[in-house]
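**Q** With chain A fixed as given, assemble chain B onto it according to the hints.
Take a look at the letters that make up each chain.
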Amino acid sequence: MTKLRVCLISAILIIASVPWFFTEFMAGNILGFPIWAFYSLCVTILYAIVTACFFQRYWSLFADDEE
Amino acid sequence: MGVYLVSLILIGVAGRFARKENSLSDFYLSGRGMGLFVLFLTLYATQYSGNTLIGMAGKGYRQGYAFLVSVIFMMSVIGAYLIYAPKLHHRSKKHGYITVGDYVQHRFGSPVLTVFITIVCIVAVGSYILTNLKAIGYIVEVSTGGRVTFVQGIIALSLVMVIYETLGGMRSVAWTDAIQGILLIAGCIFIFCGIEYQYGGISTVAETLVISRPDLWHSPDIEQKRLWLSTIIIIMFGISIYPQAIQRIYAAKDAKTLRRSFQIMIFMPIVTTFFLVMVGIVGLARFPGLDKQGSEEITLLLLNDMSVHIPGVKYFIILFLSAAVAAIMSTVDSALLAISSLFTQDIYKRIRPGASQSNLTGTGKIFSWVLMACMAYFAVNLPQTIWRLTEIKLEILCQVAPAIFLGLHIKSLHGRSILLGLSIGICITLFIMFSNSIGLSIEPKPWGVHAGVWGLAANFSTVGITSIYKRMPVKC
Numbered sequence: 000m001t002k003l004r005v006c007l008i009s010a011i012l013i014i015a016s017v018p019w020f021f022t023e024f025m026a027g028n029i030l031g032f033p034i035w036a037f038y039s040l041c042v043t044i045l046y047a048i049v050t051a052c053f054f055q056r057y058w059s060l061f062a063d064d065e066e
Numbered sequence: 000m001g002v003y004l005v006s007l008i009l010i011g012v013a014g015r016f017a018r019k020e021n022s023l024s025d026f027y028l029s030g031r032g033m034g035l036f037v038l039f040l041t042l043y044a045t046q047y048s049g050n051t052l053i054g055m056a057g058k059g060y061r062q063g064y065a066f067l068v069s070v071i072f073m074m075s076v077i078g079a080y081l082i083y084a085p086k087l088h089h090r091s092k093k094h095g096y097i098t099v100g101d102y103v104q105h106r107f108g109s110p111v112l113t114v115f116i117t118i119v120c121i122v123a124v125g126s127y128i129l130t131n132l133k134a135i136g137y138i139v140e141v142s143t144g145g146r147v148t149f150v151q152g153i154i155a156l157s158l159v160m161v162i163y164e165t166l167g168g169m170r171s172v173a174w175t176d177a178i179q180g181i182l183l184i185a186g187c188i189f190i191f192c193g194i195e196y197q198y199g200g201i202s203t204v205a206e207t208l209v210i211s212r213p214d215l216w217h218s219p220d221i222e223q224k225r226l227w228l229s230t231i232i233i234i235m236f237g238i239s240i241y242p243q244a245i246q247r248i249y250a251a252k253d254a255k256t257l258r259r260s261f262q263i264m265i266f267m268p269i270v271t272t273f274f275l276v277m278v279g280i281v282g283l284a285r286f287p288g289l290d291k292q293g294s295e296e297i298t299l300l301l302l303n304d305m306s307v308h309i310p311g312v313k314y315f316i317i318l319f320l321s322a323a324v325a326a327i328m329s330t331v332d333s334a335l336l337a338i339s340s341l342f343t344q345d346i347y348k349r350i351r352p353g354a355s356q357s358n359l360t361g362t363g364k365i366f367s368w369v370l371m372a373c374m375a376y377f378a379v380n381l382p383q384t385i386w387r388l389t390e391i392k393l394e395i396l397c398q399v400a401p402a403i404f405l406g407l408h409i410k411s412l413h414g415r416s417i418l419l420g421l422s423i424g425i426c427i428t429l430f431i432m433f434s435n436s437i438g439l440s441i442e443p444k445p446w447g448v449h450a451g452v453w454g455l456a457a458n459f460s461t462v463g464i465t466s467i468y469k470r471m472p473v474k475c
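Quick note, the sequences are listed as chains A and B, same order. The first sequence stops at residue 66 when you use numbering that gives the first Met the number 0, and every number in between is there. The second sequence stops at residue 475 when you use numbering that gives the first Met the number 0, and every number in between is there.
Chain A with its partners taken away, still in its complex shape (with noise of 0.2 Å):
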């Protein structure tokens, strides 16, 4: 994977972390969240297990110096 598709994966994730589909009143709840909250904790959880693992596979690819 290049940086670019990288950089490009966080970024997609980080916007899709804003509710932006869920535009109406909803008043049901999944385990105590507003139903377009509880989908903003999931991608933001998400959001951090795919950067961690982004940091073990490709930190060497970000490191790469050629000066």
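By construction, these hints were calculated from the structure, which means they are not laboratory data. Built from N, CA and C at the ideal position, the CB exists for glycine as well. There's no promise every hint is true.
Capping the alpha-carbon separation at 20 Å, the derived lysine to aspartate or glutamate pairs in EDC-like fashion look like this [as the list claims (entries may be wrong)]: (1) B/Lys444 to B/Asp253; (2) B/Lys93 to A/Asp63; (3) B/Lys86 to A/Asp63; (4) B/Lys58 to B/Asp253; (5) B/Lys93 to B/Asp253; (6) B/Lys410 to A/Asp63; (7) B/Lys255 to A/Asp63.
Some chain B residues near chain A, calculated using beta-carbon distances under 8 Å [unchecked claim]: (8) Met74; (9) Ile82; (10) Ala254.
**A** Same frame as chain A, now just chain B:
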């Protein structure tokens, strides 16, 4: 509290005895040998300030579930490190960088750009110290029931911080940060678990709120969502390039230690930010109708309410206040050390290029005392102009981002492009923010987007356009 403060000074003394040489690298970067345990805790304690414990529960109370977005605010900062920390750490080991100015000077070879970026960093971090000192004064006054006044609290704690900082430099700051970080983590976990246990958990709170505050179940409107994204951008590019954070990237023992610290750090907003926002939401269900001032004290209010039923909870209150003071002190001491290094290495060393390492270290220590005295004075007698500056620190600081994020990865980028982009970015940010003061009717956040983001967009665009079309000479 007294035992805690004395122990901080003793750590400063221990840091002084652990010194290996009288050099800037040893004083400001702990000899570049920071291990995983201390590095992680100092990064954690530095990233989370007093605002975390006091402000986040308060905002959780006022904004409800919408403020859960702050969890990704803090995570995005760690995500941003992946882009630049690996390469910057590698170069700092290779070229012996001490400050962010060292990197800028080495990469772009422009003294004007280096001094400009150093001044931007000093102003931004200085205002950060100012707001945190003010918060510490309030906490001390509240926690002692007024026996120690706001002014006395600021003076006493400023004195303790500057003593242990000048005794042991980064070594004592990092060690005290480790203690403060543990206090902060323990405070967040215990308070969250205690409150959840006492008030019936997240689902029970939701059942109450869906009746009393159905508006919280509405998804935020499009303008608020844009503001969220704008805030993420400001925080991601602003906080990740704090000079004190960059110092810790330089101070890490090796790349593996730094990488592992970030891998743990990425999950810390869950046990810190998320827990505290939920405390605020629980408070909203239990004590509805508080004003802004009241909501800022929601954690204390809940703990006091719990202590009526469970006597042992008074220890939670002590833990909470200790954690709040610790969080602020760890932020201020790190910021103080960062400013001291920026002044010594990037400004004083230019004026006196022949100064010895011991002379530079001594100057840095004197500067720390002078700076802390000024900050304590301003925190007590804060002029409105300076207060306004503290509100825009991140919007200004994030304008330095292209120099770091792009400068490390694009070889052909020239210092003149960065300087032009930085100037335009700062001008646009200040113009939008202060346009009302000069009679222009421009919103402080046009289209729901921070002035700093408009500035940053112009900044990145300027760097891109000048790099492509002017075909400036390649320099690395």
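**Q** Now tell me if each hint is right for this structure.
**A** Consistency of the hints with the structure:
1. B/Lys444 to B/Asp253: 41 Å, violated
2. B/Lys93 to A/Asp63: The hint holds at about 13 Å.
3. B/Lys86 to A/Asp63: Judged against 20 Å, a Cα distance of about 7 Å means the pair holds.
4. B/Lys58 to B/Asp253: 38 Å, violated
5. B/Lys93 to B/Asp253: The hint holds at about 12 Å.
6. B/Lys410 to A/Asp63: Measuring from Cα to Cα gives roughly 13 Å; hence the hint holds.
7. B/Lys255 to A/Asp63: 14 Å, holds
8. Met74: 6 Å, holds
9. Ile82: With a minimum Cβ separation of about 7 Å from chain A (threshold 8 Å), the hint on B/Ile82 holds.
10. Ala254: OK, holds: B/Ala254 within 8 Å of chain A, min 6 Å.
Checked against the numbered hints listed earlier, the structure breaks hints 1 and 4; every other hint is satisfied.
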